[in-house]
Amino acid sequence: MISLTNEPLEIQRVIASVDAPGAGGIDVFIGTTRDVSRARSVLWLEYEAYEPMASTMMERLAQVAHERWAVLNISIAHRLGRVNVGEASVVIAVSSAHREEAFAACRFLIDELKKVVPIWKREFFADGTVEWSRQVHEQQGITTEGV
Amino acid sequence: MISLTNEPLEIQRVIASVDAPGAGGIDVFIGTTRDVSRARSVLWLEYEAYEPMASTMMERLAQVAHERWAVLNISIAHRLGRVNVGEASVVIAVSSAHREEAFAACRFLIDELKKVVPIWKREFFADGTVEWSRQVHEQQGITTEGV
Amino acid sequence: MKVTLRLFSIAKEMAGFEEREVEVASGAQAGAVLDILTGLNPRFTDWRGSLRLAVNQEYVPEGHLLRPGDEVAIIPPVSGG
Amino acid sequence: MKVTLRLFSIAKEMAGFEEREVEVASGAQAGAVLDILTGLNPRFTDWRGSLRLAVNQEYVPEGHLLRPGDEVAIIPPVSGG
Numbered sequence: 001m002i003s004l005t006n007e008p009l010e011i012q013r014v015i016a017s018v019d020a021p022g023a024g025g026i027d028v029f030i031g032t033t034r035d036v037s038r039a040r041s042v043l044w045l046e047y048e049a050y051e052p053m054a055s056t057m058m059e060r061l062a063q064v065a066h067e068r069w070a071v072l073n074i075s076i077a078h079r080l081g082r083v084n085v086g087e088a089s090v091v092i093a094v095s096s097a098h099r100e101e102a103f104a105a106c107r108f109l110i111d112e113l114k115k116v117v118p119i120w121k122r123e124f125f126a127d128g129t130v131e132w133s134r135q136v137h138e139q140q141g142i143t144t145e146g147v
Numbered sequence: 001m002i003s004l005t006n007e008p009l010e011i012q013r014v015i016a017s018v019d020a021p022g023a024g025g026i027d028v029f030i031g032t033t034r035d036v037s038r039a040r041s042v043l044w045l046e047y048e049a050y051e052p053m054a055s056t057m058m059e060r061l062a063q064v065a066h067e068r069w070a071v072l073n074i075s076i077a078h079r080l081g082r083v084n085v086g087e088a089s090v091v092i093a094v095s096s097a098h099r100e101e102a103f104a105a106c107r108f109l110i111d112e113l114k115k116v117v118p119i120w121k122r123e124f125f126a127d128g129t130v131e132w133s134r135q136v137h138e139q140q141g142i143t144t145e146g147v
Numbered sequence: 001m002k003v004t005l006r007l008f009s010i011a012k013e014m015a016g017f018e019e020r021e022v023e024v025a026s027g028a029q030a031g032a033v034l035d036i037l038t039g040l041n042p043r044f045t046d047w048r049g050s051l052r053l054a055v056n057q058e059y060v061p062e063g064h065l066l067r068p069g070d071e072v073a074i075i076p077p078v079s080g081g
Numbered sequence: 001m002k003v004t005l006r007l008f009s010i011a012k013e014m015a016g017f018e019e020r021e022v023e024v025a026s027g028a029q030a031g032a033v034l035d036i037l038t039g040l041n042p043r044f045t046d047w048r049g050s051l052r053l054a055v056n057q058e059y060v061p062e063g064h065l066l067r068p069g070d071e072v073a074i075i076p077p078v079s080g081g
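Protein chains in written order, with this note's numbering: chain A, 1 to 147; chain B, 1 to 147; chain C, 1 to 81; chain D, 1 to 81.
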């Protein structure tokens, strides 16, 4: 199950969606929004996506994970729009017969999602400023500082 | 939060218990009971524990994880008594500012739990037989086959 | 020939628009749209090394050949997750 | 001196009891309780290599010296998780 949604993520539902009779373990990664970014207080965030491409890329990452590891089911849910501090921005769940595969695939999925899925975060600071997240372009080692 | 309980595990509650304002990620491992064990159909399982020692060992594993990785909060909940196929037997949640630590600590905790925490699983098979799980004693490489 | 340009995040802010049809030479490469954007706002020069291009929702190198009607997206460093 | 023996899982099944006070020699080592159990049921012989011992809820080697009133637990291979 791949989803992009403006609603709060239902963690329990994402986890239940990977359940399988042969599953021995489920690894779940939950990305939560932090109250501090670069030593400044954050009030909330907003995520925007190039939606069809983001969905396609997430589907493809899931396919790659299925090819590399003996996993049973994969779900990825990413939230868009305003997300308050402390709320989940992404939930990834992977079930497998043996736990090693679930851990490895889940780690791969969040690492790759952060590199290739076209979603952008804007931070709304307590001091009134608004900035697009100064993320490192991991492939190129270029930061977006100074914009 | 460390707990041993005869009630169904409340996954969402275990996850919420590790939430922290500085958390950027939470890794969660959920152990689920499989319908097949050694090619035989399983109806349900029963877990028993040497309870005070099991709690102490889980607390200690959490302490070790805190010493090794920059994690924020750790919760481990293990179910005892009868557990139906498909239900969760263990939930481990770890929050951290950066996801690497949560993944590493969570993996460590489930691996070590399976080696040292005095909890035992009995499998009730569809063919009417009942067996203590033939787990490998990982430290010694001895299986409990043939009992 | 015409292609549709789609902009996101900081690129959208710098350009001042989100989506627009633009004219490129027949046989143009994807990188040509970056030249157009740099013409609109010279700040794109500093960004050139960190913007990726997607044509019809697939990442492509700057040298990718465009076809009429392509959707060309400017992908600033992503920050999802 | 007396110590309390606690048995779990397969060890409990083989011994036929869960908890019992047993008499060991003053200065006895933890491994002495395994000798007692083997006397009760020779199947313990096959198991000796895979049973661990805990005294007062801490894993100990067989050579650990017992004191009066200790709780000595027989820990078969664990299978939690």
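It is possible that part of the hints are untrue.
[Said to hold, decoys possible] Below, computed lysine-lysine pairings styled on BS3-like, alpha-carbon distance capped at 30 Å:
| hint | chain 1 | residue 1 | chain 2 | residue 2 |
| --- | --- | --- | --- | --- |
| 1 | D | K12 | B | K115 |
| 2 | C | K12 | A | K115 |
| 3 | B | K114 | D | K12 |
| 4 | C | K12 | A | K114 |
| 5 | D | K12 | D | K2 |
[Claimed, not checked] Examples of chain C residues toward chain A, derived with CB under 8 Å:
| hint | residue |
| --- | --- |
| 6 | R6 |
| 7 | F8 |
| 8 | S9 |
| 9 | I10 |
| 10 | L34 |
| 11 | P61 |
| 12 | H64 |
| 13 | P68 |
| 14 | A73 |
| 15 | I75 |
| 16 | S79 |
| 17 | G80 |
| 18 | G81 |
[Unchecked claim] If you anchor each label on the Cβ, the simulated ranges turn out as follows:
| hint | chain 1 | residue 1 | chain 2 | residue 2 | range |
| --- | --- | --- | --- | --- | --- |
| 19 | B | Q63 | C | L40 | 52 to 62 Å |
| 20 | D | R43 | B | E10 | 52 to 62 Å |
| 21 | A | E59 | B | E10 | 41 to 51 Å |
| 22 | A | R68 | C | Y59 | 12 to 22 Å |
| 23 | B | R38 | A | R68 | 42 to 52 Å |
| 24 | A | V36 | D | P68 | 36 to 46 Å |
| 25 | B | D19 | A | V130 | 18 to 28 Å |
| 26 | D | E18 | B | Q12 | 41 to 51 Å |
If you're looking for bench data, these hints aren't it; they were derived computationally from the structure. Beta carbons are placed, not taken as given, at the ideal position from N, Cα and C, and that holds for glycine.
Honestly, which of those hints from before does the structure not fit? 10, 11, 12, 13, 20, 21, 23, 24 and 26
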